[in-house]
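Chemist: These protein sequence lines are chains A and B, in that order.
Be aware that the first sequence starts at 1, since it is given in the working numbering, and climbs by one per residue.
Be aware that the second sequence starts at 1, since it is given in the working numbering, and climbs by one per residue.
A couple of the hints might just be wrong.
Quick list of simulated restraints, FRET-style, between CB atoms [stated by the list, open to error]:
(1) Ser122(B) / Val33(A): 37 to 45 Å
(2) Gln114(B) / Leu18(A): 47 to 55 Å
(3) Val209(A) / Gly56(B): 43 to 51 Å
(4) Thr113(A) / Arg110(B): 50 to 58 Å
(5) Ala205(B) / Ile212(A): 54 to 62 Å
(6) Arg23(A) / Gly49(B): 25 to 33 Å
(7) Glu168(B) / Leu37(A): 53 to 61 Å
(8) Gly153(B) / Phe220(A): 57 to 65 Å
(9) Pro26(B) / Ser15(A): 43 to 51 Å
(10) Asp94(B) / Thr113(A): 38 to 46 Å
Since the hints were made in silico from the structure, they are not lab data.
For each residue, glycine too, the CB sits at the ideal point set by N, CA and C.
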Amino acid sequence: MRSPRLLRHAWAVASKDLLVEFRSRTAILSAAVFVVLVLVVFNFGRDPTAVSNVDLAPSILWVTFTFAAILALNRAFQLELENQSLDGLLLAPIERSSIYLGKLIANLVFVGTIEVIGVPLLALFFNVPVLPYLVPLIALIALATVGFVAVGTLFSAMTVRTRFAELLLPVLLLPFMIPPLSWAVLATGRLLAGRPLSEIVGWLNMLAVYDIVFVTLAIFLFPATVNE
Amino acid sequence: MLLAEGLRHRFGAVRALDDISFAVQPGQTLAVFGPNGAGKTTLLKVLAGLIQPQRGRAQVDGGRRAIGWIGHQPQLYAQLTIRENLRFWASLYDIPESEFALRKDDLLLRLGLQDHEHRRVSELSRGLVQRAAIARALIHDPRVLLLDEPFTGLDRMSAEELRELLSEEAAEGRAAVLVTHNVEEGAELATHIAFMRAGRFVHLAPRAGRGPAQVGEDYRNAIA
Numbered sequence: 001m002r003s004p005r006l007l008r009h010a011w012a013v014a015s016k017d018l019l020v021e022f023r024s025r026t027a028i029l030s031a032a033v034f035v036v037l038v039l040v041v042f043n044f045g046r047d048p049t050a051v052s053n054v055d056l057a058p059s060i061l062w063v064t065f066t067f068a069a070i071l072a073l074n075r076a077f078q079l080e081l082e083n084q085s086l087d088g089l090l091l092a093p094i095e096r097s098s099i100y101l102g103k104l105i106a107n108l109v110f111v112g113t114i115e116v117i118g119v120p121l122l123a124l125f126f127n128v129p130v131l132p133y134l135v136p137l138i139a140l141i142a143l144a145t146v147g148f149v150a151v152g153t154l155f156s157a158m159t160v161r162t163r164f165a166e167l168l169l170p171v172l173l174l175p176f177m178i179p180p181l182s183w184a185v186l187a188t189g190r191l192l193a194g195r196p197l198s199e200i201v202g203w204l205n206m207l208a209v210y211d212i213v214f215v216t217l218a219i220f221l222f223p224a225t226v227n228e
Numbered sequence: 001m002l003l004a005e006g007l008r009h010r011f012g013a014v015r016a017l018d019d020i021s022f023a024v025q026p027g028q029t030l031a032v033f034g035p036n037g038a039g040k041t042t043l044l045k046v047l048a049g050l051i052q053p054q055r056g057r058a059q060v061d062g063g064r065r066a067i068g069w070i071g072h073q074p075q076l077y078a079q080l081t082i083r084e085n086l087r088f089w090a091s092l093y094d095i096p097e098s099e100f101a102l103r104k105d106d107l108l109l110r111l112g113l114q115d116h117e118h119r120r121v122s123e124l125s126r127g128l129v130q131r132a133a134i135a136r137a138l139i140h141d142p143r144v145l146l147l148d149e150p151f152t153g154l155d156r157m158s159a160e161e162l163r164e165l166l167s168e169e170a171a172e173g174r175a176a177v178l179v180t181h182n183v184e185e186g187a188e189l190a191t192h193i194a195f196m197r198a199g200r201f202v203h204l205a206p207r208a209g210r211g212p213a214q215v216g217e218d219y220r221n222a223i224a
């Protein structure tokens with residue numbers, strides 16, 4: 001009985017965040033420019049004779065996504081501190097988990113947009129074959145993204161009222177990102193090297209488990225993180 | 001309607017609330033005056049349920065749904081229009097679209113905002129933003145208003161308009177608690193007056209027809 005209400009409130013929060021971001025383009029523009037710049041810099045700063053593109057591209061792709069996502073995640077709750085809207089959200093007769101879910105949905109859209117920009121640029125700059133593996137690559141990126149955005153959204157709420165929120169978020173988040181990132185890098189490498197899909201199924205399963213565990217944990221922990 | 005019993009709360013060594021008790025009935029407005037750091041905003045946050053007191057209890061009939069909060073920060077999103085802001089907050093209170101349209105039109109008319117409905121909050125003057133903040137706080141028809149320094153940043157005319165609006169709301173039977181450090185701006189609205197210092201009420205009594213100047217003198221005597 002509670003789920004439709006929870007999802008309705010979550011969607012209200014998410015659609016509000018997306019509309020605000022669409023109008024201001026604060027986080028998405030800076031993150032998109034960051035992605036382009038990093039890929040351009042790596043493109044010119046590498047020695048193609050030392051390491052092959054297929055070996056190098058997965059690490060660069062995921063490091064770029066990680067730091068671009070942190071830019072967007074930092075903004076998620078900052079928006080609510082401006083004009084004390086966070087107090088208004090906490091005062092509303094809604095489950096606090098719906099605020100978290102709304103922020104998670106909006107952040108996934110932000111980060112997904114950044115990834116949509118990043119993948120074609122990677123294929124272009126590093127001359128790696130993306131199209132033949134597009135469907136499994138999308139599945140892999142989606143699974144990895146849900147995990148680290150779920151944790152990042154929780155930490156964004158925890159750190160937003162601190163003095164050094166922009167510094168604290170990556171310090172807290174990066175250790176939790178090591179498992180999904182390493183699985184994602186390994187699986188992406190196998191995909192781009194043209195290895196059979198059976199070689200990445202294990203990593204996809206682990207990413208799915210990571211997502212389930214951390215989304216569930218974050219939903220339960222979020223109400224405690226926003227209490228004064 | 002609104003009850004506080006023996007509220008106590010500390011932030012580390014700082015005593016923010018120390019044995020605060022009072023009741024506010026429908027149509028009554030309690031104005032709490034005190035210097036910065038007296039614990040006024042903490043009191044409002046405890047009443048709103050945003051902070052759990054370490055001792056005592058605060059009770060609002062109807063719970064969180066019955067509370068409307070008006071502060072010096074408008075709790076509006078600058079990039080959204082007044083209508084979009086109101087629609088968002090109404091959706092969190094499960095107000096159906098048909099009911100929302102009626103309430104929104106009524107509020108915008110009463111607040112003189114009908115010509116600004118589709119303007120972004122970032123384009124509005126401070127006075128219009130504060131009116132929009134009142135519309136946001138009233139969109140779910142709360143029976144209790146919590147007012148945190150609502151006059152801050154308003155010019156004399158906007159402050160006077162706000163006082164009139166809040167008087168009308170009280171006349172409709174809403175209970176209100178107003179906290180401010182500015183006695184002259186808040187006294188006229190009050191049916192009851194409290195002076196707060198270091199987390200304690202040092203005075204709590206009906207206003208009994210005393211004007212802002214007399215309340216100001218009482219305040220200076222009590223706080224000094």
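Chemist: Just to be sure I understand the hint, the distance between the Cβ atoms of Glu168(B) and Leu37(A) should be within 53 to 61 Å; is that true here?
Modeler: At 55 Å between Cβs, range holds.
Chemist: Using the Cβ atoms, figure out if Asp94(B) sits within 38 to 46 Å of Thr113(A).
Modeler: violated (30 Å)
Chemist: Is the hinted range of 43 to 51 Å satisfied by the C-beta distance from Val209(A) to Gly56(B)?
Modeler: holds (45 Å)
Chemist: Look at the Cβ atoms of Pro26(B) and Ser15(A) and judge whether their distance stays inside 43 to 51 Å.
Modeler: Violated, at about 36 Å.
Chemist: Just tell me: holds or violated, for the beta carbon distance of Ala205(B) and Ile212(A) against 54 to 62 Å?
Modeler: This hint holds: roughly 59 Å between Cβ atoms.
Chemist: Verify the CB-CB distance for Thr113(A) and Arg110(B) against the hinted window 50 to 58 Å.
Modeler: violated (41 Å)
Chemist: Can you let me know if the beta-carbon spacing of Gly153(B) and Phe220(A) is within 57 to 65 Å?
Modeler: Once the Cβ atoms are compared, 39 Å apart, the range 57 to 65 Å for Phe220(A) and Gly153(B) is violated.
Chemist: Ser122(B) and Val33(A), beta-carbon distance inside 37 to 45 Å?
Modeler: Violated: the Cβ-Cβ distance is about 23 Å, outside 37 to 45 Å.
Chemist: Holds or violated: 25 to 33 Å for the Cβ distance of Arg23(A) and Gly49(B)?
Modeler: holds (32 Å)
Chemist: Given a hinted range of 47 to 55 Å, is it respected by the beta-carbon distance of Gln114(B) and Leu18(A)?
Modeler: Once the Cβ atoms are compared, 28 Å apart, the range 47 to 55 Å for Leu18(A) and Gln114(B) is violated.
In summary, the structure is inconsistent with hints 1, 2, 4, 8, 9 and 10 from the numbered list given earlier, while agreeing with the others.
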